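Asker: Here is what each chain is made of, one letter per residue.
Number of protein chains: 2
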Amino acid sequence: MNLVIIGVGLIGGSFAKDIKRLYPDANIIGIDKKEAHVDEALELQLVDQKGTYDALATADMVFVSIPVDALVKELPKILDAVGDETVVMDAGSTKKLICETVDNHPKRRNFLACHPIAGTEFSGPSAAINGLYEGKTNIICEVEKTAFKLQEKALEIFQKLKMRIRYMNPEAHDKHIAYVSHLSHISSFMLGKTVIEKEKNERDIFDMAGSGFESTVRLAKSSPDMWTPIFEQNKENVVETLEEYIHNLERFKQLLLSGDFENVYKEMNNTNRIKQILKGIPLTKNEN
Amino acid sequence: MNLVIIGVGLIGGSFAKDIKRLYPDANIIGIDKKEAHVDEALELQLVDQKGTYDALATADMVFVSIPVDALVKELPKILDAVGDETVVMDAGSTKKLICETVDNHPKRRNFLACHPIAGTEFSGPSAAINGLYEGKTNIICEVEKTAFKLQEKALEIFQKLKMRIRYMNPEAHDKHIAYVSHLSHISSFMLGKTVIEKEKNERDIFDMAGSGFESTVRLAKSSPDMWTPIFEQNKENVVETLEEYIHNLERFKQLLLSGDFENVYKEMNNTNRIKQILKGIPLTKNEN
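Protein chains in written order, with this note's numbering: chain A, 1 to 288; chain B, 1 to 288.
Everything labelled a hint here was simulated from the structure, so no lab data went into it.
Check each hint, because a few of them may be wrong.
Claimed, not checked - Some chain A residues judged to face chain B by a derived CB distance under 8 Å, without partners named: (1) Leu97; (2) Thr101; (3) Val195; (4) Leu278.
Just so it is clear, the structure is predicted and the values come from calculations on it, not from any experiment.
Each residue gets a CB set at the ideal place from its N, CA and C atoms; glycine is no exception.
Using the sequences provided together with the hints, build the complete structure.
Answerer: Put into structure tokens, the structure is as follows:
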């Protein structure tokens, strides 16, 4: 198998690791805007060789894992360059603009719009880990627009990666993911900001923060290069989630101010069922 | 050593485990409002026997790990009952009201006001784990009001538990802890609420949530019995942190709405340094 990975960071690099394990004979070509990233990926043996878009014509599969602003720019060019039997998959955290961008592309049938729900707060080739995708959900959009044979080729790999597949339209994807992923990132970033602003003495944060704070603020370590274009592309949905979140925080504050601790209790008690909802979400085993 | 633990949940039970390991000859007496909890603690061999406040007169040490509303009610009675050489420590997440409550108590010198920054989102005796306190900070308030010999007795144990000690006045404790602990819990509870309200189909949350959401919403599994009285006692500080948090979220929303993604990027980039600040915070090894 000839696999080209465009963007050899955490997502692309982890995919490379799995493919190497599942298909020892695979030839993996790495492409990255940052020369240093491909060099690092080579050194870490994530990829077998460096490449350019010239490699796309003979690729069996292309995995594009770059920030979503770069994705909408590059995807048409990538499709221009691939062969008829090549399946191109992305891993973008937004789907609507990406699907629209290639909707009329002559090679639309070579593209499978994917969003594997997997990752950590780290980035770059050195953040790549084994088994990142195992047990995780892969959301596939507009599957009917991809050539059936190429769907099959991709699905065989997802099956070997032990991923769960969920089909969804791009609008629904972007709406739901704003709640369960994009909002978490903002809540975490702003929590980090609030605490840093207040606690000018960083030693205080360090001394007084427990694992609870560490966990809640974990996503505030995420890459702004990755997240700024996600928020830009999914602006409407994200703003809606933020408004509801702020509304709920305001209400909680009012309950505190008015001394209504019966309802403070109820708010928390009702939310406790997140425990049952989340039970069984496969955690990433090794998050560095 | 005769140790009485009042409240044999996660905090008291984990303390019992450590003491058993460090002092194999210790006799540990468990007291809990919930009969089932003491029975469970006995069964799990966290404690050696059940007890009542009659056991306090001959105790070397009393560890009080109960919700902070119960703490302000029980602490004066506990001090009434202890012997002259008994040191009583609490583990409450608020310190001002607790210190005020016993400030004029004739046995004030037997009390050491503590807040070990340790815990998980779980509760009850079965949540107790080994080594919960290792490497964690223990904040001690008004240390000068505790008899020196009893300070020494307690500090010897904290040292053996490998805890870091930090001295602080109760007002400063409550102010700082509102930022690095109490606010995280509210941000997490309200995130959970926002997502549950929106995603009526819980399967969607389960399928689309990644480890990022899981981590950010982890504290929303916490016990409302424990947290309602904390928010009540620390209301003023908590409301202040909430106002700043909401302000920051509002500002982020405005940046999104006005399409100012340069500043969206900067907000996240500036907050990324939480990575360095948190580096080295000891995580709890086994969080169930």
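Asker: Work down the list of hints and note, for each, if the structure agrees.
Answerer: Do the hints match the structure? See the list:
1. The restraint placing A:Leu97 at the interface with chain B is violated, with a minimum CB-CB distance near 14 Å, outside the 8 Å limit.
2. Interface restraint check for A:Thr101: the shortest CB-CB distance to chain B comes to about 18 Å, outside 8 Å, so the restraint is violated.
3. The restraint placing A:Val195 at the interface with chain B holds, with a minimum CB-CB distance near 5 Å, inside the 8 Å limit.
4. Using the Cβ-Cβ criterion of 8 Å, the hint placing A:Leu278 at the interface with chain B is satisfied: the shortest such distance is roughly 6 Å.
Going through the hint list in order, the structure does not satisfy hints 1 and 2.
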